[in-house]
Amino acid sequence: MIIDAHVHMRGKVFQGDNRGDKPGLIDVMERHGIEKSIVMGLTAEDNLEILAEIARFPKQLIPFILLLPGQNNLDSMLEKSNEIVAVRGIGEIYAQPGPAQSHLDYMRPVLEIARHNNLPVLFHTGDFSYTAPMMLMEIFQAYPDVNFIIGHMGSHHFWLDTIELLKMFPNTYTDTSGMQSPLILRRAIQECGPEKILYGSDFPYWDPGVEIPRIFAAKLDPNTERLILGENATRLFSL
Amino acid sequence: MNTNPVIDFHAYLGKDAYNDFHQDERELLETMDEHGIDMAVIMPLQDYPGPDTESLLRIYKAWRAYPDRFIPFARLDPRYGDLALRQLSHAVENLGFMGLLFNPLSTQTPAHHPALMPLMMAAAGYNLPVMIPTGNGYFGLPEQVVVLAKKIPLLKIIIGHMGTAPHATRSIDLAGRYENIFLETSLQQSTYRIPMAVSTCGAGKILFGSASPYGHPFPEKEKIIGAGLLQAEQDMILGLNAQKMLGLP
Chain Z
8 MIIDAHVHMR GKVFQGDNRG DKPGLIDVME RHGIEKSIVM GLTAEDNLEI LAEIARFPKQ
68 LIPFILLLPG QNNLDSMLEK SNEIVAVRGI GEIYAQPGPA QSHLDYMRPV LEIARHNNLP
128 VLFHTGDFSY TAPMMLMEIF QAYPDVNFII GHMGSHHFWL DTIELLKMFP NTYTDTSGMQ
188 SPLILRRAIQ ECGPEKILYG SDFPYWDPGV EIPRIFAAKL DPNTERLILG ENATRLFSL
Chain S
-8 MNTNPVIDFH AYLGKDAYND FHQDERELLE TMDEHGIDMA VIMPLQDYPG PDTESLLRIY
52 KAWRAYPDRF IPFARLDPRY GDLALRQLSH AVENLGFMGL LFNPLSTQTP AHHPALMPLM
112 MAAAGYNLPV MIPTGNGYFG LPEQVVVLAK KIPLLKIIIG HMGTAPHATR SIDLAGRYEN
172 IFLETSLQQS TYRIPMAVST CGAGKILFGS ASPYGHPFPE KEKIIGAGLL QAEQDMILGL
232 NAQKMLGLP
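In the order they appear, the protein sequences are chains Z and S.
In terms of the working numbering, the first sequence opens at residue 8 and continues consecutively.
In terms of the working numbering, the second sequence opens at residue -8 and continues consecutively.
Please note that a few of the clues may not be correct.
What the hints assert, rightly or not - So the derived label-pair ranges between C-beta atoms look like this:
hint: 1; chain 1: S; residue 1: 161; chain 2: Z; residue 2: 226; range: 29 to 39 Å
hint: 2; chain 1: Z; residue 1: 104; chain 2: S; residue 2: 161; range: 19 to 29 Å
hint: 3; chain 1: S; residue 1: 142; chain 2: Z; residue 2: 33; range: 48 to 58 Å
hint: 4; chain 1: Z; residue 1: 124; chain 2: S; residue 2: 168; range: 43 to 53 Å
hint: 5; chain 1: Z; residue 1: 223; chain 2: S; residue 2: -6; range: 22 to 32 Å
hint: 6; chain 1: Z; residue 1: 77; chain 2: S; residue 2: 86; range: 54 to 64 Å
Said to hold, decoys possible - Selected chain S positions facing chain Z (Cβ under 10 Å, derived; list incomplete):
hint: 7; residue: 13
hint: 8; residue: 14
hint: 9; residue: 26
hint: 10; residue: 129
hint: 11; residue: 155
hint: 12; residue: 156
hint: 13; residue: 180
hint: 14; residue: 182
hint: 15; residue: 202
hint: 16; residue: 204
hint: 17; residue: 207
hint: 18; residue: 210
hint: 19; residue: 212
hint: 20; residue: 216
hint: 21; residue: 217
Note that these hints are calculated values from the structure, not bench results.
For every residue, glycine included, the Cβ atom is placed at its ideal position computed from N, Cα and C.
Isolated chain Z, as found in the complex (with noise of 0.2 Å):
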């Protein structure tokens, strides 16, 4: 069983490319094995919009919302969006608090929501500036009973950095969108545990057709690669 753990709904991602769009999503999951998919939205204005499209593939699509620091009425936009359908996570959040605020400042209104609704929370890493993952370090400790992914295992230039944290820190976890070499996912597992990582593809940015061969080319165990590829999100998400 494959179980995405990262992928985006709608959203403007190249010009003239429709495939976050559904049917093009369900079709790439059908045409790679992929059982479920945690999806979420890249701008929060559609929010409801893409709930109520995850909301036609109960079975396939199990909805993240993107809750933001700057929007109003974040607990009202949460209601709302359970009366559409059961969301079972935040993200993806790309952290921008600029200089004059820290991290956990900025992103206080949001964890609050997450812990008081028992939620997970997906960071966007890898970039410079705001999302370099150890800039999270804060929140992880300051929210020990919410659950992080640490998304993209921190990209090219982080990954050590993730493992650091994934091993710091029992409340985080990552996807492995970003992650592009066999002996990096090797380290992880072996420094950090298998149950710390989930299987990821960023779709449509990526591909679960790239992103899949990805984990086969670092030739796990079974048992190991079962958990990176659905067994650990089901865990977590309670599936």
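Keeping the supplied structure of chain Z fixed, place chain S upon it in accordance with the hints.
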């Protein structure tokens, strides 16, 4: 049956400073065989001069052992000035190296730095293609590479990783505007950007690469095959362009 060659234009041998990334010729050959790669451009994982004093020798030995599988590129640190220049001459004239890797990140040198020009002029004089990895960081901007391309129009420059995700779209645009700039596909993860690059700068400007062991030939090749290209375009990217650029039989 398709008999066109598959050439990985971006692979490494050796180890990095802390052995986080490492690969020997046996491991690379095994992976190449498993995934249908006929030949690979091999480059050291560390700059020369540097902590790995064997870095260039390792490439030379692997190539001599498997001349029909490997294509040797030198990797030099321009901060060593004349020493790097002399090493380039030795690598090309005495050893037969066929290209050069210049890494702006590991050498902390923007591609337009005036001190880099003698080494790049020498590479142009030898008609060597120069691989310049780009990506997420100050020294990885494709625009910095373009300044070099404008300074030395005869120098064939390959933008390694197509800028990776943050800079890929601009790298594609720049390769379309500068005759001496080519794109190498590794670590830029989007399948969708491959046909985008073909339509912007032509399939003849694009070279398949894996960046192994930073990447892996299996997903990297799947990215090209899954891009929905014409067979002729796919064949050019997977190997014919490299064959032509390097003058391989």
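So, going through the hints one by one against the coordinates:
1. 161/S / 226/Z: 29 to 39 Å: Since residue 161/S and residue 226/Z have Cβ atoms about 36 Å apart, the given range 29 to 39 Å holds.
2. 104/Z / 161/S: 19 to 29 Å: holds, 26 Å
3. 142/S / 33/Z: 48 to 58 Å: With a Cβ separation near 50 Å, residue 142/S and residue 33/Z satisfy 48 to 58 Å, so the hint holds.
4. 124/Z / 168/S: 43 to 53 Å: Given about 50 Å between the Cβ atoms, the range holds.
5. 223/Z / -6/S: 22 to 32 Å: Since the Cβ atoms of residue 223/Z and residue -6/S sit about 27 Å apart, the hinted range of 22 to 32 Å holds.
6. 77/Z / 86/S: 54 to 64 Å: holds, 59 Å
7. 13: Holds: closest Cβ of chain Z sits about 8 Å from residue 13/S, inside 10 Å.
8. 14: Nearest chain Z Cβ about 9 Å off; hint holds.
9. 26: holds, 9 Å
10. 129: For residue 129/S, the interface hint holds, since the closest Cβ of chain Z sits about 8 Å away, which is under 10 Å.
11. 155: holds, 7 Å
12. 156: At 8 Å from the nearest chain Z Cβ, residue 156/S passes the 10 Å test, so the hint holds.
13. 180: holds, 4 Å
14. 182: holds, 4 Å
15. 202: The hint holds - residue 202/S has a Cβ within 10 Å of chain Z, the shortest such distance being about 8 Å.
16. 204: For residue 204/S, the interface hint holds, since the closest Cβ of chain Z sits about 5 Å away, which is under 10 Å.
17. 207: Where the cut-off is 10 Å and the nearest Cβ of chain Z is about 4 Å from residue 207/S, the hint holds.
18. 210: holds, 4 Å
19. 212: Status holds, d = 9 Å.
20. 216: holds, 9 Å
21. 217: holds, 5 Å
Violated hints: none; the structure is consistent with every hint.
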